[in-house]
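Participant: For reference, the chains in residue letters:
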Amino acid sequence: MSSAVFSLHLRVKPAVLIDARNITPDRFAGRELSELRNIVVLEGGRKTRLSELFDIDGPEKAPSDPGQVTIVFETGSDKLCFIGYRMSKGRIVVKGDAGHLVGYRMRGGSIVVEGSARDYVGAKMRDGTIEVYGSVGHRVGGKLPGEKPGKGMKGGTIAVRGNAGSEAGFGMERGVIIIEGSAGNLVGADMLGGSVVVKGDCGLYPGAGMSGGRVVVGGRVGAILPSFYADSMVPSISVRGIKLDKPFMLFIGDVVVGGKGLLYVSYDDNRELLSYYKSLIEGEGVEV
Amino acid sequence: MSEILIKNGFVYDPINGINGDVLDIAVKNGKIVDPSQIDLDRALVVDARGKVVMPGGIDIHSHIAGPKVNLGRLMRPEDHYLTNRPHDLPTRRAETGLTVPNVFRIGYDYARMGYTLVVEPATPPIKTRHTHEELNDIPMIDKAAFVLVDSNWIALDLIAEGSRELLAAFLAWLLSATKTYALKLVDPGSDAAWVVAGRGVDIDEQIPVYNITPRDIIREMCNAAQMLNLPHKLHVHCNRLGYPGNYLTTLKTMEITKDISRVSEAPALHITHVQFTGYKGDSWSTLESGGEDIAKATKANPYVTLDLGQVILGRSATTMTADAPFEYVLYHLTRWKWANADTEVEAAAGLVPFKYRKRSYVNTVQWAIGLEIALIVRDPWRVIPTTDHPNAGLFKDYPIMLSWLVSRRAREEYAKKVNRSALKRTALLSLDTEFSLYDVAIMTRAAPAKLLGLDKFKGHLGVGADADIAIYDLNPREVDVSRDYERFVDAFRRAWLVIKNGEIVVKEGEVVKTVYGRTYYVDPEIPGELKKELEDLLKRKFKEYYSIALDSFLTGEHELRSAVKIPLSTRVRG
Chain D
1 MSSAVFSLHL
11 RVKPAVLIDA
21 RNITPDRFAG
31 RELSELRNIV
41 VLEGGRKTRL
51 SELFDIDGPE
61 KAPSDPGQVT
71 IVFETGSDKL
81 CFIGYRMSKG
91 RIVVKGDAGH
101 LVGYRMRGGS
111 IVVEGSARDY
121 VGAKMRDGTI
131 EVYGSVGHRV
141 GGKLPGEKPG
151 KGMKGGTIAV
161 RGNAGSEAGF
171 GMERGVIIIE
181 GSAGNLVGAD
191 MLGGSVVVKG
201 DCGLYPGAGM
211 SGGRVVVGGR
221 VGAILPSFYA
231 DSMVPSISVR
241 GIKLDKPFML
251 FIGDVVVGGK
261 GLLYVSYDDN
271 RELLSYYKSL
281 IEGEGVEV
Chain P
1001 MSEILIKNGF
1011 VYDPINGING
1021 DVLDIAVKNG
1031 KIVDPSQIDL
1041 DRALVVDARG
1051 KVVMPGGIDI
1061 HSHIAGPKVN
1071 LGRLMRPEDH
1081 YLTNRPHDLP
1091 TRRAETGLTV
1101 PNVFRIGYDY
1111 ARMGYTLVVE
1121 PATPPIKTRH
1131 THEELNDIPM
1141 IDKAAFVLVD
1151 SNWIALDLIA
1161 EGSRELLAAF
1171 LAWLLSATKT
1181 YALKLVDPGS
1191 DAAWVVAGRG
1201 VDIDEQIPVY
1211 NITPRDIIRE
1221 MCNAAQMLNL
1231 PHKLHVHCNR
1241 LGYPGNYLTT
1251 LKTMEITKDI
1261 SRVSEAPALH
1271 ITHVQFTGYK
1281 GDSWSTLESG
1291 GEDIAKATKA
1301 NPYVTLDLGQ
1311 VILGRSATTM
1321 TADAPFEYVL
1331 YHLTRWKWAN
1341 ADTEVEAAAG
1351 LVPFKYRKRS
1361 YVNTVQWAIG
1371 LEIALIVRDP
1381 WRVIPTTDHP
1391 NAGLFKDYPI
1401 MLSWLVSRRA
1411 REEYAKKVNR
1421 SALKRTALLS
1431 LDTEFSLYDV
1441 AIMTRAAPAK
1451 LLGLDKFKGH
1461 LGVGADADIA
1471 IYDLNPREVD
1481 VSRDYERFVD
1491 AFRRAWLVIK
1501 NGEIVVKEGE
1511 VVKTVYGRTY
1521 YVDPEIPGEL
1531 KKELEDLLKR
1541 KFKEYYSIAL
1551 DSFLTGEHEL
1561 RSAVKIPLST
1571 RVRG
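Chains as they are written, first to last, in our numbering: chain D, 1 to 288; chain P, 1001 to 1574.
Because the hints were derived from the structure by calculation, they are not lab data.
All values derive from a computational prediction rather than experimental measurement.
Check the hints yourself; a few may be wrong.
[Claimed, not checked] Straight-line alpha carbon distances no greater than 27 angstroms define the calculated DSS-like cross-link-like pairs of lysine-lysine that follow:
#1 P:Lys1355 to D:Lys148
#2 P:Lys1355 to D:Lys154
#3 D:Lys151 to P:Lys1355
#4 D:Lys148 to P:Lys1031
#5 D:Lys151 to P:Lys1358
#6 P:Lys1337 to D:Lys151
#7 P:Lys1456 to P:Lys1031
#8 D:Lys260 to P:Lys1337
#9 P:Lys1337 to D:Lys154
#10 P:Lys1358 to D:Lys148
Take the sequences, apply the hints, and build the full model.
Facilitator: Structure (structure tokens):
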């Protein structure tokens, strides 16, 4: 299957946020290059045309199937927001940094960010994959403030090779978030389902307010909420084909919301914190 | 100020008995004048041929300002997504929000529907300064606020002591100190009981510590309101609101009007959002409508007026009330977000976001109760349609609510989408009452103006009235509103022209000018001897109860953007 590649070069380094929500394979599909140059892009809230900000190269006419459209941002910028908004098919590659809300409400296809991205990567996404080579900001796969738990990510996969900020998987319902580096506080807050895997360390209180789903912390953890109870020790776990071959302690919570979420914390990395819990599980050394 | 002449419109002006006659209305210097006084060379002539001309609408109960409205804004950021509308200066400020909109949207949306006077029905005295700050910022409309006195410790002390004169004097002082318009009772005594004993009280239950009942509170407040000769006597939110079987409490509350010493034949008690207190049955699963019983009692008791609190199904709402114990219960039903707040000495409030669902049994019964009451009582002068914004529905949906009242067909169409088994247990579909446009003008203009005692200059189009006029693009000679109710909804949603205080502010449903209205408050006089006694009492009680000084409590007239004082001569003896 041949793919039509459109490459976009930023003309000047933007000084204000750019709303690039119309630059998606769905909007490109079936349009001629001259039409694409007139696509509306907001620069600091003001309407402007795509060609004002980008030089665009590519075939004269985009294929009518968005699945065959690839959009390549040859220069990235952390001011480029809403990349891949509601896209259903196709592919977007950002050869540099990206701004806020990458893949917001995304429905399919794939996004690759070769630099870092800012907050709300994959917020409220339904399906598709997002891969970020660098780090991401807060609330990866999250919901917006004030919404009910479960209004976050509903499916798909987000892979982050670097670190993530706070509240990764905030209010997510389904899907997988894999963070190779470390994560901030409150990983998987208000989660209803799905999985968040942090291979490195994480901050305070993973799983706060979670009522379902699974959080895995493969490194050190800052603190565990008292509303989680230690359930058992597991020798190794595997999540969607990722095998973590070391002992984990399983916590269940958050009982504050009557939740039955699973929180796996690496035992070897947190011996100081977890040895007391282990003694509770094994029924040893408990003084009443 | 310009002169305006509105020609050829079908005028509906119930206070002056004008029912759809073609008349000319002349406006000069913000007042309505006789058309002969207009200089036709300079006047702006509006041709309202084939259109309905009414006085500006009046909403007697809508939570538009105050600490709890602001709490709602803070608590519901998701209420503001996708609702933003950028400003269009200098005509219009930016708008945002759906169930708890920002101050600008409140004013503009009311103006777009042709409403020009809105009352904030519950403000805790100590925070009324904040309420006024917010009211000051609401554009387009005239405003007033009712002050909460349901669990005021000083008032409860005075009721328990039985000092009637002093109670009346205290309430008079409170009204003018907070610059408010009338007294509001919310679930009388319950906040006091909740603080002490952790529960609400029914009308004949004892309130702990004070050893009085809510019945005593309502009766004494009624008496005080009569003595003070307040224009809007007493605004009551009944006890046990929101509990199945509470219609009996509502009936008992209505009975109280027979125990008081009335000074006039005017209504003595206004029961607000009666839908919430009209539930029959002993649990949620056996909930039935108590609408018929309440309607019968209302028909028999001329001293009671009602407003509906009509539920709008399928829309999100934010329940916010000074009935804090009930919000605590509601939170346990919805289990999402909740905020409760208590002010020192006086009142409490709570907030819970809520959505009324069409398929829900309970919500459908709630929807039917409000309409049943309005249709059975069939007295537009005494039953006023409201949605208790934003508790049961949004004020934006008033046109839809009115369409259910003017058209049986609208009700039947809507009833296809609601819970059938609930509908079968109500009498709604058997009712064939349909209100006319004249009745709509009464319900939304004349009756609220009369009820607020502002009918000298509001709610009518006679000479001398304030020039608040709404013109709707609806030809009553061609459109039969009972059959073509969608035209009615469209017309009332976007007024064709709105004149506020002699200026054109809305054209074809769009705001063309931002103006700011007045705030009305009453100032009952207190005889000199009683004043001395009251001052002593206040000094003592403020030291005992409040964390702030008496002087800091008083809201000055300069703090209101445009205050209108209504002095009252009272019957309080020294």
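Participant: For each hint, tell me whether it holds in the structure or not.
Facilitator: Each hint tested on the structure:
Taking the CA atoms of lysine 1355 of chain P and lysine 148 of chain D, the gap is near 13 angstroms; set against the 27 angstroms cutoff, the hint holds. About 23 angstroms separates the Cα atoms of lysine 1355 of chain P and lysine 154 of chain D, which keeps this hinted pair within 27 angstroms; it holds. Simply put, lysine 151 of chain D and lysine 1355 of chain P have alpha-carbon atoms about 16 angstroms apart, close enough for the 27 angstroms limit, and the pair holds. Between the alpha carbons of lysine 148 of chain D and lysine 1031 of chain P the distance comes to roughly 50 angstroms, so the proposed pair goes past 27 angstroms and is violated.
Between lysine 151 of chain D and lysine 1358 of chain P the CA atoms are separated by roughly 22 angstroms; this keeps the pair inside 27 angstroms, and the hint holds. Note on lysine 1337 of chain P and lysine 151 of chain D: the hinted pairing holds, with a Cα-Cα distance of about 15 angstroms set against a maximum of 27 angstroms. A C-alpha spacing of about 12 angstroms is found between lysine 1456 of chain P and lysine 1031 of chain P, which places the hinted pair at or below 27 angstroms, so the restraint holds. Restraint check: the Cα-Cα separation between lysine 260 of chain D and lysine 1337 of chain P comes to about 20 angstroms, which is no more than 27 angstroms; the hinted pair holds.
Under the criterion of a C-alpha separation no larger than 27 angstroms, the hint pairing lysine 1337 of chain P with lysine 154 of chain D is consistent with the structure, at around 22 angstroms. Taken as a hint, the lysine 1358 of chain P and lysine 148 of chain D pair is honoured in the structure, with Cα atoms around 21 angstroms apart against an allowance of 27 angstroms.
Of the numbered hints stated above, the single one contradicted by the structure is hint 4.
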